[in-house]
Amino acid sequence: MKALLLHFEDETLEAGRLARAAGLECALIERHRFPDDELRLRLPERLPGQVVVYRSLHRPNEKLLELLLVARTAGRLGAEHLTLVSPYMAYMRQDTEFHPGEAVSQRIVGEFLAGLFDGVVTVDPHLHRVDTLAEAVPVPHAIALSGAPLLADIVAQARPGAMLLGPDAESAQWVAAAAARHGFAHAVCTKVRHGDRDVDILLPEGLDVSGRAVVLLDDVASSGHTLVGATRLLQTAGAASVDVAVTHALFAGDAIAKLQAAGVGQVWSTDCIAHPSNAVSVAPLLADALRQIGVA
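In full-length UniProt numbering, the protein residues as written are 1 to 296.
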């Protein structure tokens, strides 16, 4: 049997897209929750030597336990090579000890995953102080893809000639990649963070957006506060329109409503995380990565 793709019920659509793109069979991991919140998982009784596990790690805490149970069980059932496809990789932001005593979660979670899988494929991981995914998740095959060019294609169709603007310095890599795809003008804001929901945004000095369509582009949107702040500044500066394009559509709580109230027009995202704003699938990218490491 060729490689088998395992997935959970809540990601059936996304896993199915990848299975079709990669030419893989897929199978459901059955999941039962006991009254005390313990989990019972059930995999197919027999597994091939090559197994791909699909699990995007938004709302990650319980999913990390799921991956532990799946990986250990898969090995017992015949899997010899395990690859994790995790379009959104959690716990990558905390890559150093910002304050004494803090857990460096990137290193801890990365080593945890490396102890379970032989390969990891993800999209736009939030790597700031390390150059490669392999430094964060030390596995033989560590592949970091980018959704920025796919988002750039959408912008080129919907807002030809738009300016791409990153909300902070960390977004520069994604804005530059998207801009290069179609020759967009681009720039990056300055952000000062005071807390998870308390940020100050400054537009680049001398930036002229009067009468221009501007698209705010980033790897991830969570509370939406940064994007709301940037949108208001752009409107004050005379932007003709403001739209948002992100790889990972976390959009916690009423984030979308806040963006719309601030004047954002369209919101586009990839399907790394299932969301009504999804406008493009990363399945072909993921499938190419699996072929690259000899799984598909």
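Bear in mind the hints are in silico, worked out from the structure with no lab data behind them. Glycine included, C-beta positions come from ideal geometry on N, C-alpha and C. Treat the hints loosely; a few may be bogus.
Here are the simulated distance ranges between beta carbons [claimed, not checked]:
#1 Phe-112 / Glu-38: 30 to 40 angstroms
#2 Gly-238 / Ile-108: 43 to 53 angstroms
#3 Gly-211 / Thr-190: 33 to 43 angstroms
#4 Arg-291 / Thr-96: 46 to 56 angstroms
#5 Leu-202 / Gln-266: 20 to 30 angstroms
#6 Thr-12 / Asp-37: 41 to 51 angstroms
#7 Gly-265 / Pro-48: 41 to 51 angstroms
#8 Ala-169 / Arg-232: 18 to 28 angstroms
#9 Val-104 / Leu-202: 28 to 38 angstroms
#10 Glu-38 / Leu-202: 21 to 31 angstroms
#11 Ile-108 / Leu-77: 23 to 33 angstroms
#12 Asp-200 / Asn-61: 52 to 62 angstroms
Pairs of lysine to any residue, SDA-like flavour, derived with a Cα cap of 20 angstroms [to be verified]:
#13 Lys-2 / Arg-31
#14 Lys-258 / Gly-294
#15 Lys-191 / Ala-180
#16 Lys-258 / Ser-241
#17 Lys-191 / Ala-169
#18 Lys-2 / Gly-294
#19 Lys-63 / Arg-93
#20 Lys-258 / His-275
#21 Lys-191 / Glu-205
#22 Lys-191 / Arg-93
#23 Lys-258 / Asn-278
#24 Lys-2 / Lys-63
#25 Lys-191 / Gln-157
For each hint, the structure was consulted:
Taking 30 to 40 angstroms as the suggested C-beta distance range, the pair Phe-112 and Glu-38 does not conform, at roughly 20 angstroms. For Gly-238 and Ile-108, the hinted distance range of 43 to 53 angstroms is satisfied, since their beta carbons lie about 46 angstroms from each other. Checked against the hint of 33 to 43 angstroms, the C-beta distance between Gly-211 and Thr-190 comes to roughly 23 angstroms, which is inconsistent with it. Arg-291 and Thr-96 have their C-beta atoms about 35 angstroms apart, which leaves the hinted 46 to 56 angstroms range violated.
For Leu-202 paired with Gln-266, a C-beta distance near 24 angstroms keeps the hint of 20 to 30 angstroms intact. The supplied range of 41 to 51 angstroms is broken by Thr-12 and Asp-37, whose beta-carbon atoms lie about 23 angstroms from each other. In this structure the hint that Gly-265 and Pro-48 lie 41 to 51 angstroms apart at CB holds, the actual value being about 47 angstroms. The supplied range of 18 to 28 angstroms is met by Ala-169 and Arg-232, whose beta-carbon atoms lie about 20 angstroms from each other.
As the Cβ distance of Val-104 to Leu-202 is approximately 29 angstroms, the hint placing it in 28 to 38 angstroms holds. For the pair Glu-38 and Leu-202, the supplied restraint of 21 to 31 angstroms is violated, since their beta-carbon distance comes to about 48 angstroms. At roughly 28 angstroms, the beta carbons of Ile-108 and Leu-77 sit within the given window of 23 to 33 angstroms. In this structure the supplied range 52 to 62 angstroms is violated for Asp-200 paired with Asn-61, their Cβ-Cβ distance being about 30 angstroms.
With a C-alpha separation of about 24 angstroms, the suggested pairing of Lys-2 with Arg-31 is violated against the 20 angstroms cut-off. Restraint check: the Cα-Cα separation between Lys-258 and Gly-294 comes to about 44 angstroms, which exceeds 20 angstroms; the hinted pair is violated. The hinted pair formed by Lys-191 and Ala-180 fails the criterion: a straight-line CA distance of about 23 angstroms is larger than 20 angstroms. Between Lys-258 and Ser-241, the direct Cα distance comes to roughly 16 angstroms. Compliance with the 20 angstroms bound is thereby established for this hinted pair.
At most 20 angstroms may separate the alpha-carbon atoms for a hinted pair to count; Lys-191 and Ala-169 meet this at roughly 8 angstroms. Straight-line distance between C-alpha atoms of Lys-2 and Gly-294 comes to about 11 angstroms, which keeps the hinted pair within the 20 angstroms bound. Distance hint between Lys-63 and Arg-93 is fulfilled; the C-alpha atoms sit about 18 angstroms from each other, no more than 20 angstroms. Restraint check for Lys-258 and His-275: the C-alpha separation of about 16 angstroms stays at or below 20 angstroms, so the hint holds.
Our distance criterion of 20 angstroms between C-alpha atoms is met by Lys-191 and Glu-205, whose separation comes to about 13 angstroms. Pair hint Lys-191 plus Arg-93 holds up; C-alpha atoms about 16 angstroms apart against a cutoff of 20 angstroms. The straight-line distance between the Cα atoms of Lys-258 and Asn-278 is roughly 18 angstroms, inside the 20 angstroms bound, and the hint therefore holds. Of the supplied pair hints, the one linking Lys-2 and Lys-63 is violated, its CA atoms being roughly 26 angstroms apart against a limit of 20 angstroms.
About 29 angstroms separates the Cα atoms of Lys-191 and Gln-157, which puts this hinted pair outside 20 angstroms; it is violated.
Violation of the numbered hints given earlier is confined to hints 1, 3, 4, 6, 10, 12, 13, 14, 15, 24, 25; the remaining hints are satisfied by the structure.
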